[in-house]
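Asker: These protein sequence lines are chains A and B, in that order.
Residue 114 in this note's numbering is what sits at position 114 of the first sequence, and the numbering runs on without skipping anything.
Residue 112 in this note's numbering is what sits at position 112 of the second sequence, and the numbering runs on without skipping anything.
Please keep in mind that the hints were generated in silico from the structure rather than gathered at the bench.
Be aware that a few hints might be false.
[What the hints assert, rightly or not] Away from chain B, derived, C-beta distances all over 12 Å, residues of chain A:
no., residue
1, K44
2, E72
3, R84
4, D86
[Said to hold, decoys possible] The list that follows gives simulated cross-link-like pairs (lysine-lysine, BS3-like), each with its CA atoms no further than 25 Å apart:
no., chain 1, residue 1, chain 2, residue 2
5, A, K71, A, K51
6, A, K51, A, K62
7, A, K44, B, K42
8, B, K42, B, K57
9, A, K27, B, K42
10, B, K58, B, K78
[Claimed, not checked] Under 10 Å between C-beta atoms, here's a sample of chain B residues computed to sit facing chain A:
no., residue
11, S28
12, A41
13, E45
14, V49
15, Y72
The C-beta atom is built at its ideal place from N, Cα and C for all residues, glycine as well.
Chain by chain, the residues run as shown.
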Amino acid sequence: NAGVMQNPRHLVRRRGQEARLRCSPMKGHSHVYWYRQLPEEGLKFMVYLQKENIIDESGMPKERFSAEFPKEGPSILRIQQVVRGDSAAYFCASSPPTSGRREQYFGPGTRLTVT
Amino acid sequence: ILNVEQSPQSLHVQEGDSTNFTCSFPSSNFYALHWYRWETAKSPEALFVMTLNGDEKKKGRISATLNTKEGYSYLYIKGSQPEDSATYLCAFRDNYGQNFVFGPGTRLSVLP
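Here chain B stands alone, though its shape is the one from the complex (with noise of 0.2 Å):
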């Protein structure tokens, strides 16, 4: 069973803070570790698709690394705006069934 966990739950940061949250994956048979944005009653929207260890990506202020030998991914977010809160998943995929596994998920909430 591929257990993918993601913390913290939930987050509560001021507006202009920066922040950053961690997604953990199994470190063996690796192949990709997916991150996505997820805003109350709309679709899981596609962040980053990091295959690569050492992989840094980048999308506005938002960016992620990827460690795939000790199984974990970070999610920065710099300079948090309101419009950020949201749900960040990450999920993950093995060499077998290429199945995507979600974590969790962290609930973001910026306060203004």
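Next up, chain A with everything else stripped away, as it sits in the complex (with noise of 0.2 Å):
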């Protein structure tokens, strides 16, 4: 039973670039929920979506920022005209439908880095 995986594990973008970030939920688990955790600071909350929806995006930064989670395939995580505060780690999380926020499995992050 693959737990939640995260694609790519490492992502290089020059300023200005477009950086996408791939989740894809635990088998049976329809709650994807984005998180970014900044050098040297704990994990910030970004955004809270089910299949075709976004149920919180309550933490996503107001402009260059955008998830979707298509009724197919992974969830996706977009930064355009990324900056160099843009460089993190991303982590994706998910969890099953009848336990919402409370039971959250997490995956291995993606670590981005603008130059």
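Fit chain to chain and form the complex, with the hints in mind.
Answerer: In structure tokens, the structure reads:
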């Protein structure tokens, strides 16, 4: 039973490029959460999605960031026109339909470096 | 703005020592407190979910207590081992957004 998968594990982008981070939840999980860990800081919630719906995006920066969780395929966190301050580790977590936010399983993270 | 604090920021103990650290969170609108263990280069691993004032949870040598009235939780590790070395995160959830607000973590190093 594979856990939460994220790819790529490491991503390097130049300023101004787009970054796409993918998260495949555990089998049977329909809820996905994205978190960002900035250097020397803890995890910060970004967005909570169910299939085809954004439930809570209160932690998403207002510009350049978007997330989706389509009916088929992984959840995508998209960062347009990246800047150096976007360099961070991005984690996703998933949970089964019955548990909601209570029971979250984390992926290994994607480390984004903006040069 | 929800503020979750953890202390100490880092801790070095000898193998066999027992240790504890603190998570402080808002005492109003409490819904749940989560503890995670996060080893370097791995995913955060859930340890406990605590919801009731006075809750005590135990998992092997690790245990946690909860005081929602004063807004703190303690995590205890009995007889620390080198494999306990990790960052321990707490995360607070309130009744409103039910967002996870993580503390900055306590980085534990257990020296053999």
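Asker: All the hints need checking, so say for each whether the structure fits it.
Answerer: Results for each hint:
1. Against the 12 Å criterion, K44 of chain A falls within the reach of chain B, whose nearest CB is about 7 Å from its own CB.
2. Against the 12 Å criterion, E72 of chain A stays outside the reach of chain B, whose nearest CB is about 24 Å from its own CB.
3. For R84 of chain A, the requirement that its beta carbon stay farther than 12 Å from each beta carbon of chain B is met, with the minimum near 22 Å.
4. Every CB of chain B lies more than 12 Å from the CB of D86 of chain A, the least distance being 19 Å, so the non-interface label holds.
5. Taken as a hint, the K71 of chain A and K51 of chain A pair is honoured in the structure, with Cα atoms around 6 Å apart against an allowance of 25 Å.
6. Only pairs whose Cα atoms come within 25 Å are accepted, and K51 of chain A paired with K62 of chain A is accepted, the gap being roughly 22 Å.
7. Distance check on the hinted pair: K44 of chain A and K42 of chain B sit about 17 Å apart at the alpha-carbon level, within 25 Å; holds.
8. Proximity of K42 of chain B to K57 of chain B is assessed by CA-CA distance (about 24 Å); at most 25 Å being required, the pair is judged to hold.
9. With a CA separation close to 20 Å, the supplied pair K27 of chain A and K42 of chain B stays within the 25 Å bound.
10. With a C-alpha separation of about 11 Å, the suggested pair K58 of chain B and K78 of chain B falls inside the 25 Å cut-off, and the hint holds.
11. With a least beta-carbon distance of about 19 Å to chain A, the hint placing S28 of chain B at the interface is violated under the 10 Å criterion.
12. Of the supplied interface hints, the one on A41 of chain B holds, with its beta-carbon coming within about 8 Å of a beta-carbon of chain A, less than 10 Å.
13. A distance limit of 10 Å between C-beta atoms decides the matter here; for E45 of chain B the minimum to chain A is near 8 Å, and the interface restraint holds.
14. Interface hint at V49 of chain B: satisfied, since its Cβ lies 6 Å from the closest Cβ of chain A, which is below the 10 Å cut-off.
15. Hint on Y72 of chain B is violated. Least Cβ distance to chain A is approximately 17 Å, over the 10 Å limit.
In this structure, the earlier hints numbered 1, 11 and 15 are contradicted, and the remaining ones agree with it.
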